[in-house]
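**Student:** The whole structure should be built from the sequences, with the hints applied where relevant.
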Amino acid sequence: MKEIRFHGRGGQGAVLAARMLAIACVAEGKCVASFPMYGFERRGAPVVAFTRFDDKPIMEKTQIYNPDCLVVIDPGLLKLPTLFTGLNPNGTLILNSSRVFEKQPNENLKLAGVVNATQIAVEEVGRDVPNTCLLGAFAAVTGWVSLKSILASVGEYFGGDVLKKNLRCVERGYNEVKVTKWQ
Amino acid sequence: MKAKQGELKVMTGNSAAAYGAMLCRPDVVASYPITPQTEVVEQLSKFHADGILDAEMIEVEGENSAMNACAAATLAGGRAFTATSSWGLVYMYDAVLQAAGFRAPVVMANVNRETPGILAVSSGQQDMIQTRDAGWIQLIVENSQEILDTIIMAFRLAEDYDIQLPVMVNYDGFYLSYLAEGVRIPAREDVDRFLAVLKSQPQRTILDPAKPIGAGSHGILTEFMELRYKHCAALERAKNKLDEIDEEFGEFFGRSYGGQIEQYRMEDARFVILTSGSAVGTARTVVDAKRAKGLKVGLIKLRMFRPFPQEKLIKAIKGKKAVGIIDRSVNFGWNCGPIYSELRALTPEIGNMPMLSFIDGLANIDITKPHIERVIDDVYQASQGKSYQAVTWIPLEERE
Amino acid sequence: MAIKKFSTKYEAAWSDADQLLLCLDTGTWRTKRPVVDKEKCSYCGLCAIYCPPQCMITRVDFFEPNLDFCKGCGICAKECPRGAITMLPEGDFTS
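Read top to bottom, the protein sequences are chains A, B and C.
Residues in the first sequence are numbered from 63 upward in steps of one, following the working numbering.
Residues in the second sequence are numbered from 51 upward in steps of one, following the working numbering.
Residues in the third sequence are numbered from 1360 upward in steps of one, following the working numbering.
Think of the hints as simulated: they come from the structure by calculation, not from any bench.
The structure displayed is predicted, hence computed values, not measured ones.
Quick reminder that beta carbons are idealized off the backbone N, C-alpha and C, glycines included.
Watch out, some of these pointers could steer you wrong.
[What the hints assert, rightly or not] Only pairs whose alpha carbons sit at most 20 Å apart, straight line, appear in this in silico SDA-like list of lysine to any residue:
{"hint": "1", "chain 1": "C", "residue 1": "Lys-1391", "chain 2": "A", "residue 2": "Gly-138"}
{"hint": "2", "chain 1": "A", "residue 1": "Lys-64", "chain 2": "A", "residue 2": "Gly-106"}
{"hint": "3", "chain 1": "C", "residue 1": "Lys-1368", "chain 2": "B", "residue 2": "Leu-169"}
{"hint": "4", "chain 1": "B", "residue 1": "Lys-419", "chain 2": "A", "residue 2": "Thr-147"}
{"hint": "5", "chain 1": "B", "residue 1": "Lys-419", "chain 2": "A", "residue 2": "Gly-138"}
[To be verified] Here are some chain C residues the structure puts well away from chain A; computed CB gaps all over 12 Å:
{"hint": "6", "residue": "Trp-1388"}
{"hint": "7", "residue": "Val-1395"}
{"hint": "8", "residue": "Glu-1398"}
{"hint": "9", "residue": "Leu-1405"}
{"hint": "10", "residue": "Gly-1442"}
{"hint": "11", "residue": "Glu-1449"}
{"hint": "12", "residue": "Gly-1450"}
**Tutor:** Given below as structure tokens:
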């Protein structure tokens, strides 16, 4: 089983990203469970989304305390003191940022994929909606789900022109993510 | 004859509730939005707008009207569905009592959330507990598939000629309402087939202009007592009826849930933990882990809360060494968990054994694996004759 | 039973209103910022009337938002009869 934790702010599409990932996993025959947790439902409020997938049905309904992968949609959230708490050894991070890491931010973090999803989204969609781009980066860095499945899952939520733009975001995230590895 | 497998779709618990209701072809849907239930109303409205749901959608100004409209619709012979949560459930309280007293077979999804008193937009079973004396059948489910399936079974149960009682299907707000999982959607014709038996039953008493009848005439003295007696007797019948329906559902759709309770690894268990709702899922994984370490613990999932499955619980727990109950609510006045105190009432039949109450998961607090590990350890110690704490408010405890 | 020291102060759900409430930094919620074109502004005051946190500051002949509290909801821009207010991404203003 893999446990992924998304960190974002209300309005950035964290919950939607977790949902799309769930759809992609199910399309590949996996079992999945995904849910968000937030306080007050408003733009800008911190949002966390928890996604688990496995080959067999997922029983646990708790939040995720030992993620295998963190997806951080708002770079400001890197300042969160509890962000890396409980990260599994050999942990992965997918980050929306314009800058790559100079040094390893946490000893359990062995793999990081950084992509300027905000810039890509603004270029392709015209708005700061970094979630679909980050899903592309996630597929590329982890290899846990295929690009094809992610693209199909995005299609469940958008249509027409908006869909085309978001699909481009996914592909750019997949192709342009910069990967850093640590021992 | 078996049902088709059904399309697999990723959806939230709320969406599953809407699908379950839609598939049963309700005649009337009257519902008012409230977090964490709102998506149920939105999805049903979407089904209606898309022509998938052919129901009278009554846009009510509040939950009180919603329940009155639904109860009245069923008394006129129709099928009605609504959904609510906490504050909404409390706002419709007099109508909820009316529906039960009238024996109006409404089906309602209640998304568990903390009740008024402390403003909390968060999960908790207090709203279900608050309504336990309303005379409704109350069921509690563990995951999105079970939400959809149980709503179908709820209509079958509510409208059964031998029952004729409203049914509330409870599921945890946030932890289940917003949980997206893969759910198999039964084919509509298969749901029609499953519910078709209701048409072959005698017609229940309904409002019909061609045959005038007084509705809600007040009872007095022994007449009143007779009606209460009949109501209680119907609740009793609902126990076996649910088991039968669950078995039929399993044979037809390929999924069954155990009826009143599900027993997990209970055959050779020496001590037991009991809980309900989403926490059951997590408890399964912890029970497996403890079993792997040699602890003979068993888990009981409480699915039917009203009527309280006395016989099943007595049979399951009698002879065990200790039992711990995790409640997601409080029993004001008894200073313990409510389901715990109801189980305690069965001590003469179960036998004297340590019974431990654990209160957890209020107001979105997560019932985590370490919490459940602690529960199992405490109940184990008690089963070994060691001293134990009767009531534990897990998150507030001083221990790490 | 040992309960750890309570973090709540009162018996019921009261909360202190003298400090935190009036100093809630709603300005950090913003993802878009209203920018007022002083030339277009006719000082009609509609933006100030509609502003939910009431944070429009009067200057001599135009209004501008108090950025400590402006949440970026955009109601002022929508209601301005002169189209003098534009909502711009907050990111444009940060380094």
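**Student:** Against which earlier hints does the structure fall short, listed by number upward?
**Tutor:** As far as the earlier hints go, 2, 5, 6, 11, 12 are violated by this structure, in ascending order.
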